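Enquirer: What follows is each chain in one-letter form.
Number of protein chains: 2
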Amino acid sequence: MPRVITAFSNPLIKQVRELRDKRHRRASGQFLAEGLRILTEAREAGRLPVLLFFAGPSAGHDLVRELIIAVETAGGEAIETDPDILSKLSGKDNPQAVVGVFEAWDTSLEVLDRNASGIWLVAERLRDPGNLGTILRTGDAVAAGGLILIGECVDPFSVEAVRASMGALFTVPVARAEWAEFLPWLRGGPGQLVGLSLDTNSDYRGAHYEAPTFLLTGNEAQGMPAEYAAACDLLVKIPMLGKADSLNAAVATAVMAYEVLARQRG
Amino acid sequence: MPRVITAFSNPLIKQVRELRDKRHRRASGQFLAEGLRILTEAREAGRLPVLLFFAGPSAGHDLVRELIIAVETAGGEAIETDPDILSKLSGKDNPQAVVGVFEAWDTSLEVLDRNASGIWLVAERLRDPGNLGTILRTGDAVAAGGLILIGECVDPFSVEAVRASMGALFTVPVARAEWAEFLPWLRGGPGQLVGLSLDTNSDYRGAHYEAPTFLLTGNEAQGMPAEYAAACDLLVKIPMLGKADSLNAAVATAVMAYEVLARQRG
Numbered sequence: 029m030p031r032v033i034t035a036f037s038n039p040l041i042k043q044v045r046e047l048r049d050k051r052h053r054r055a056s057g058q059f060l061a062e063g064l065r066i067l068t069e070a071r072e073a074g075r076l077p078v079l080l081f082f083a084g085p086s087a088g089h090d091l092v093r094e095l096i097i098a099v100e101t102a103g104g105e106a107i108e109t110d111p112d113i114l115s116k117l118s119g120k121d122n123p124q125a126v127v128g129v130f131e132a133w134d135t136s137l138e139v140l141d142r143n144a145s146g147i148w149l150v151a152e153r154l155r156d157p158g159n160l161g162t163i164l165r166t167g168d169a170v171a172a173g174g175l176i177l178i179g180e181c182v183d184p185f186s187v188e189a190v191r192a193s194m195g196a197l198f199t200v201p202v203a204r205a206e207w208a209e210f211l212p213w214l215r216g217g218p219g220q221l222v223g224l225s226l227d228t229n230s231d232y233r234g235a236h237y238e239a240p241t242f243l244l245t246g247n248e249a250q251g252m253p254a255e256y257a258a259a260c261d262l263l264v265k266i267p268m269l270g271k272a273d274s275l276n277a278a279v280a281t282a283v284m285a286y287e288v289l290a291r292q293r294g
Numbered sequence: 029m030p031r032v033i034t035a036f037s038n039p040l041i042k043q044v045r046e047l048r049d050k051r052h053r054r055a056s057g058q059f060l061a062e063g064l065r066i067l068t069e070a071r072e073a074g075r076l077p078v079l080l081f082f083a084g085p086s087a088g089h090d091l092v093r094e095l096i097i098a099v100e101t102a103g104g105e106a107i108e109t110d111p112d113i114l115s116k117l118s119g120k121d122n123p124q125a126v127v128g129v130f131e132a133w134d135t136s137l138e139v140l141d142r143n144a145s146g147i148w149l150v151a152e153r154l155r156d157p158g159n160l161g162t163i164l165r166t167g168d169a170v171a172a173g174g175l176i177l178i179g180e181c182v183d184p185f186s187v188e189a190v191r192a193s194m195g196a197l198f199t200v201p202v203a204r205a206e207w208a209e210f211l212p213w214l215r216g217g218p219g220q221l222v223g224l225s226l227d228t229n230s231d232y233r234g235a236h237y238e239a240p241t242f243l244l245t246g247n248e249a250q251g252m253p254a255e256y257a258a259a260c261d262l263l264v265k266i267p268m269l270g271k272a273d274s275l276n277a278a279v280a281t282a283v284m285a286y287e288v289l290a291r292q293r294g
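Sequence lines, in order, name chains A and B.
All letters in the first sequence, in the order written, are residues 29 to 294 by the numbering used here.
All letters in the second sequence, in the order written, are residues 29 to 294 by the numbering used here.
Calculated from the structure, these hints are not laboratory results.
One should not assume that every hint holds.
Partner residues are not named here, just some residues of chain B that face chain A (Cβ under 10 Å, in silico) [to be verified]:
(1) Gly158
(2) Ala169
(3) Val170
(4) Leu269
(5) Glu287
Source: prediction; values computed, not measured.
In this text, a Cβ means the ideal position worked out from N, Cα and C, and glycines have one as well.
This is chain A alone, in the form it adopts within the complex (with noise of 0.2 Å):
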């Protein structure tokens, strides 16, 4: 049976819900992920949260109860509550039938195989997690290795950007790395560096783009450092007919991999 608990005042309450706050992610290893979708999602990809909380009504929905059985069968811990205290951990006015509490993986470079695809997402000092979120599902949708953060990055098990996510954090591998270590790992193999820039002449659409292709996105206000542009195999920019000089990061990114991804595919 699963503990009930409807004290805001538990201690493990007030635990969880400082999993909003990265200096208690850091320390305790472990996010926050919420609601129904993104958790089956999760499930699906082979990931199960160590705390699932959920409020008692939605128990009768069959995916929050299979849910519950699969946690408990991996030795987590099911916990009842209700929806304000799932409010209060979601930070949400409407709150999720679920939140979950999930270790957190390596993100070392380690972790990825650049074999395993064509199509790889690099972004730098991205800010918005959000943005992150969106980058993730994106990643997901071309069958991207995965996405790599270079530098100052916002922390990819955010609660914002899982949410953004849609679950995609679960199925497209992240990495963490400074760019000094970066560089190297991606010399060490094939893999053409694209870098999306103003200062270039190349169309996207008229590029040469060999696969694996890392395609590089710089942070939302500065774009990359000089530095960066300069180690890329290829710079290409999207054309920009307007009055501003920049599209939303996770914008350009997609229609940089969605392009790559319609070459590659021929």
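Chain A is fixed; fit chain B onto it per the hints.
Expert: Frame of chain A, contents of chain B only:
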């Protein structure tokens, strides 16, 4: 000399802050935009705030000074205040240098000139202000004729939408209409209605587009109603190779819009 307000209790501050709320925007016909970049974009597009708040120290900045002069010349008022009050107005911890109160404008279909562009963006029941702003930004980049919002969409004049648009709200025409108004308007002239759908075998890369192309994106969670899909001249899909069955709405719109742009440019 600009008026100076440094008291949180000033009724004008309260009134301006209330523009973060949809109800107050509707009642007053005004909205908020923040940040020097966005307000400069607005000025270049010929839109000046009726009220401009700036923090004393930022008044030395050239662009701020130019804004103040432009606002006062146009009969608006520039008001000096402090960073704490700017934070309160914008609801952000890092206050922007400037916050402007703008008069909203006509967003009926009548403001649109369908001959203005070969690409139009249409979104129905768009719920996320970040997506709306991002779509406007893409609209600027592809030189779309405008964004047409169908049904119950998030308010394009919301602070979050304006922010995500990075100023494109001021450069890309926006119209709001019910489906029952939109369809006769569309059919009253040339225009191909292209719907993004999962229920088709037509890949977006192989499809035949005719200018002006109206790209219809459905609601983030549910896609578009069957009735809307049936009214489209063409349904196309973007390949989804991963576990998930959908892209972020702003990403899907951008991938489509850039495909149509590339075709139209030959």
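Enquirer: Against which earlier hints does the structure fall short, listed by number upward?
Expert: Those not satisfied: there are none.
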